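Chains as they are written, first to last, in the numbering used here: chain U, 1 to 311; chain Y, 1001 to 1503; chain B, 2001 to 2333; chain E, 3001 to 3333.
Simulated from the structure, these hints should not be mistaken for lab results. Given the structure is predicted, the values throughout are model-derived calculations rather than measurements. Ideal Cβ positions, reconstructed from N, Cα and C, are used throughout, including at glycine. Hints may contain errors.
To be verified - Quick partial rundown of chain E residues pointing at chain B, CB under 8 Å, derived from the structure: (1) 3145; (2) 3149; (3) 3153; (4) 3167; (5) 3168; (6) 3225; (7) 3315; (8) 3319.
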Amino acid sequence: EGIMCEPGETYVMNVMVSGHPYWVPVYQGFKQAAEAFGCETVFSGTPDYDITKQIASFEQDMIKTPAGILLHPMQSDPFIEPINRAIANGTEIVTFAADSPNSNRSGYITSDNRAEAKFAAEEIVAQVGDSAEYAVLENPGQSNHDLRVTALIEYMEANYPDMKLVGRQATNQDSNAAYKATASIIQANPNLAAMWIPEAGSAEGAVAAKLEAGSDVLIMHADVTPTTLEHIKAGNIHMSLNPNQGVQGFMGFMAVHLANRSEIFDPFNDWKTSGFNPVQIPFMDNGFAVITKENADSFDLNVYMEGRDPA
Amino acid sequence: MQNIVLEISDLSKSFGPVKALRGINFELRKGEIHAVAGENGAGKSTLMNVIDGILQPDSGEIRLDGKPVTITSPTMAQRLGIGFVHQEIALCPDVSVAENIFMATTNTSRAWFMDYRKLEHDARAAFRQLSDIDPSTLVRDLSISHQQLVEIAKALTLDCRILILDEPTAALTENEAQTLFRIMRDLADRGISIIYISHRMVEIFDNCDRVSVFRDGQHITTRNVAEIEPSDVVNAMVGRVIDNLYPAKQTTPSEETLLEVRDLSEARRFRNVSFTLKKGEILGIAGLIGAGRSELAKGVCRLEGDVTGEVWLKGKRLNLRSYQDSIAHGMVYLSEDRKGDGVFLDLSIAANVSALKVEQVAGRLGLISTVAEHRQSDALGRKLNLKCGALTDPVMSLSGGNQQKVAIAKMLSVNPELIFLDEPTRGVDVGAKSEIHQILRDLAEAGVGIVVISSELPELIGVCDRVLVMREGRISGEVTGDEITEENIMRLASVLDASATLA
Amino acid sequence: MDNTTTLAAQDRPPTANVPVLKRFLQMRETGLVLIILALFIIMSFASPYFLTWANMRAMSMAFAVDGLLVIGMTILLISGGIDLSVGSVTALAMVVAGWLFLGGVNPWIASAMAIAMCTGIGAFMGFFVTRVGLHHFIVSLAVMVIARGACLLFTGGRPLGLYTLPPEFKFIGQGSIGPFPVVIIIFLVFVIAFDFMLRRTTMFRKVFYTGSNEKAAAYSGIRTKKVIFLTTTLCSALCGIAGIIYMARFGSAQPTFGLGLELTIIAAAVIGGASLNGGSGSILGAILGVILLSLVSSSLALLDVSVYWQDIIRGTILLAAVTIDHYLNKRRR
Amino acid sequence: MDNTTTLAAQDRPPTANVPVLKRFLQMRETGLVLIILALFIIMSFASPYFLTWANMRAMSMAFAVDGLLVIGMTILLISGGIDLSVGSVTALAMVVAGWLFLGGVNPWIASAMAIAMCTGIGAFMGFFVTRVGLHHFIVSLAVMVIARGACLLFTGGRPLGLYTLPPEFKFIGQGSIGPFPVVIIIFLVFVIAFDFMLRRTTMFRKVFYTGSNEKAAAYSGIRTKKVIFLTTTLCSALCGIAGIIYMARFGSAQPTFGLGLELTIIAAAVIGGASLNGGSGSILGAILGVILLSLVSSSLALLDVSVYWQDIIRGTILLAAVTIDHYLNKRRR
Ligand SMILES: Nc1ncnc2c1ncn2[C@@H]1O[C@H](COP(=O)(O)OP(=O)(O)OP(=O)(O)O)[C@@H](O)[C@H]1O
Ligand SMILES: Nc1ncnc2c1ncn2[C@@H]1O[C@H](COP(=O)(O)OP(=O)(O)OP(=O)(O)O)[C@@H](O)[C@H]1O
Ligand SMILES: [Mg+2]
Ligand SMILES: [Mg+2]
């Protein structure tokens, strides 16, 4: 007993679209924390964008009764019942990057998309003034991307009413679609000053369109890919806001492991009578990094991953 | 023996459990027209497919000019100088007649670019003798008999030493057939050897030098045509003598009218057609290719086109809007294009026979009874002398003639009031043909109306009590009783203009 | 011995009397059953968790609702059609029912309305195919895009939380009768009913005729356009039902549900013997196809195979399975 | 006059002599040209930016590379096949070339190797279709999954940054010759070459024969399996070329590139008159199909139509366009 793991004690990180590079640094953080406690880890989930398959993979994780699962639920409500069942089975659940608030999960860790949006809005205004034209690309259907966009628009409307939203196109992380949409937006709005893009895939296409059109529109986006990094270095993209993925995984592990070790905690509350896990962390912000020309070199995932095991 | 171009010895071929060819021996001489006869399913087409490289034999030897060869594909057969007109029409519907005709030439040509004008010009030349189809039309838009002509033209343009014609005249009328025979004779005189498969004895005896008879995948005999009689061939084919090729005709014409068609017109195909069908009578419809016979029958049954005019059945005027209405009144149509719209090639024999009215083999709640379905096709199959493996086999696996029997069985399955049969015995062997004719006569006597469209004049003459002749979408005349002769029908069918183009 | 005897001489026993084993070996679906069985055996050795009740339950839940879609798709394929809109029409059913429910409509009525709407969408496609004369592929592709757009419009791109659905409604998707989840019971009822109907009823036999040779079917007096219209409509109606079950199961409606699902469903039907040219196919086979695909995905997840290998393995198994099935069927002939 | 007279009475002049306007009106592609023209006119009024050189340039860049894919797809469709793997094979070309380049291989050699690999993938599919006898649909679906998996494997799911590609290589994707982007010049060269070849060469004529009736073509001595093998291979080879151009253009290789692209490409070919049953189609038509789809997307973006309406409008225009085209072609006959 104690805080260290017993032999074979395993923690699982379950995600959808498991081939997506976003998870890679998250899982590295998760693993690093786990190793510190002598725990084992498994990366699981489904390669598909398919809720049925993710639930099936989650239930299959559950069958092996791991100590805990750090879960990225593709959707909140469908996971309520499986999460509760897992907890009843003795597997602790913490969600990350997407939540299932109505379930009994003991914690949720994410980057604050509203904070990102606010930062982006202020930066745009600082760069192009508070009465300019701006456009956004978006990815309706994916909640964090959606929030980054809607929060920015709301913030602009509330604080900088002279900022004019002139283009809003769905490009769904597809750089070719983003390329086409951006080309049209730039054509239709010769005075366009700035663009906010909630993910990096679309940013790649947008910057290609910007360069081809010879436009000097300011591009800001969230997340990062090697290509957008290079564009940041070259000054084609102004900056990117990148969630602290490593922290997300690291603290995610901490949250789920502590929930599993709740017996070492004797809190001042009603846990003994209510039967609730005393280690409840309703919300944790993992923060975000601002990537600019100066610090871009530190964000090369391929460099980071050299010599590390992705799975 | 130096004049034997093709020699086949001890050749066998099976399809699963079905032994289609069993130790066949066959030889073809230079410059002869060699007929091959045999019942449906005797293995004629299979042998030809082997010669053309479409099928590979299980055992046996093929020798060309004395040298053993293994023919692995039609491409190779072509290179060896073998041309083949298939029993089933195989043309590319999306391309023009001209391109279809010269498909093989295009394939082997060393030219990089297509010369469409030359193709059309050459096609027109190739057609000059046969017909007057515009070479630039798409094959899709041709009637089935015109497609047959394209098939023939296609083979005639091939530069070949051996030409195989598998029932080329099945859908042709006398005129075209005669033209074809003239061309065949020319080719033979130039030293080309021709294998000619047909179920029409007259054609064999008028045009061929030798005849080989097959039965059950075996070679029975090969004889000089000059030395034998048609009945000998029939005897060798079916193993018995068929003395009455055609059933007796109607003795006392009835006065009761079964069907009356008044002023039927269709914008593009036929106009102002009126005729009647009496009870117990078999009515024939004759005409040249494209005269509009098929269209007329389809028009009466509302299968195609925008038809105006009246149809009266048993004294009642029918209000027909679709073919379903027609079937509901007991009028059915047997298509001339069995592959295109007659049978379901990939479905079982039993399912094909029951297709016209599946409800018949279903019990309460509309559930199909496999047993009833099999009983139905078993009974009709016996009646038509259908030769097949199992009733669950797909129709695709049957020989051409047996497929036709399935199509007929489908028509007979519903106990119709009136049947239009378009080329009913197309590809059917002599024995089965006389069975079918007998069945038609029996049905007529039982009060069922029978209308037969046929391009084979002897059939019309032998079976029908009365024959209508069509020309260019109109009825040009009618012959009854002893007047039903080839001369009379041909005179009404062609006349001046048409015969002029055919000359 | 010669098997091509004429019928008169033939003395073949009717199919019903053939021994069970022989009949099994003659079935189209046998190859698939054997492949699935082989995977089952391999997996039981590979993972101690595979043959547990919980795993079987999780695996069957993963394909049960898709099973309804594959039924509709198979029947449509048999009639000679195809439907690319199944994924987005299923999503639309969830979204519309959820939207109505959140707007205060009784969930059962909302569901009925959503299913009716999907049926209408099917009829709409059927109209364009049979009356206008367009190809199923292009019509259903357009509808796929439109329905996805409608999902966005109803939800603003955000999933609808339907946590407040009454328990008796959620029971359809989450409840169990005894040890058996309701979803799986519904699935089995549909499979058995449609498999039986497709094999035995005159109504569905006409679907085969139509798909095998539309012209010959028309010449046999079958209203082929009506048949195609109905199979198209049925496929969408089943999407509606599937959407409602998914909604009850997840307690939410997702506008992005079922992206790319159409290809999985078509693949399952084709693996199960449905011909893309129409005229053949079976419900049993199609369901085995869904099971196979789902089994492979579940097994890869259970074995914690690296994601970077999963797609490669999945594609390879798919290709291997159809190849093996193809040869087994060829041999059988 | 009686139309059922013998065809000799008809004096149809050979196609070449008909006046230009009449020939234009008789072409299969005319309907599409008119629809696109109508959209053009509407858009010129709706947006002042539409008819600018910069917008035209941007719009053509948007469809130029997809144009290569549609050429391959059209030829494959004509031969009777279909390919669902175009999106992921294109992605794989980028990824492999990028991976090799990052590993130190000269970018031209890396590209050649990637194109060769795609050609190999096409040959692999061609083998399964022609030798094993599986359907194009299922084979290409499996390859679609496998190729996507391979993309993941090569990149670990991470896009490869290829910013260091030499300028002369990037020139293919980003450069201009005079006012004309290289991409568009490449596109035009391919379109004109393949359109001409498909119309005029004996080699490509065999593709039509094979697709129209494989049996008839085989009976005429055409090696239909070889034809199908080659069209399958060609389609994948063109994916390889397109992938390389995209790589040069974006300066990156994305493992997720082209998800769902196959349906757009097939839709474009079908709108342009390619038959899903084989035997007909034209490059000109297919390119017009791509242009139409791309024009609609660009126009919606240019007019800043709400995201929530875009898909609905897009799907509706697609359906309307094929319907109008269908009626225009029917009339013409
Ligand atoms: N693909 C096949 N599969 C199974 N059996 C076949 C196949 N093709 C032909 N057969 C069988 O082979 C036998 C010979 O057929 P074939 O077509 O050679 O007959 P045929 O002499 O040409 O008859 P017909 O006069 O009717 O054309 C028949 O019993 C037929 O059922
Ligand atoms: N789909 C079609 N479109 C245009 N014309 C057609 C079509 N089908 C048939 N025709 C034409 O209609 C005319 C009548 O054809 P029909 O098939 O009725 O002739 P038929 O007397 O039955 O002769 P056969 O069947 O021997 O060709 C012919 O000139 C034929 O070319
Ligand atoms: Mg034959
Ligand atoms: Mg006719």
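Q) Does the nearest C-beta of chain B fall within a distance shorter than 8 Å of the C-beta of residue 3153(E)? A) holds (5 Å)
Q: Could you check if residue 3319(E) really has its C-beta closer than 8 Å to a C-beta on chain B?
A: holds (4 Å)
Q) Is the hint on residue 3149(E) kept, meaning its closest Cβ partner in chain B is under 8 Å away? A) Holds: closest Cβ of chain B sits about 3 Å from residue 3149(E), inside 8 Å.
Q: Closer than 8 Å between Cβ atoms is the bar; does residue 3168(E) clear it against chain B? Give me holds or violated.
A: Residue 3168(E) check fails; min Cβ-Cβ to chain B is 33 Å, beyond 8 Å.
(Q) Can you verify the interface hint for residue 3315(E): is its Cβ closer than 8 Å to any Cβ in chain B? (A) Status holds, d = 3 Å.
Q) Close enough to count: is the Cβ of residue 3225(E) nearer than 8 Å to one in chain B? A) violated (16 Å)
Q) Any CB of chain B closer than 8 Å to the CB of residue 3145(E)? A) Status holds, d = 3 Å.
Q: Go through the hint on residue 3167(E) and say holds or violated, using the shortest Cβ distance to chain B against 8 Å.
A: violated (33 Å)
Consistency note: the structure conflicts with the earlier hints numbered 4, 5, 6.
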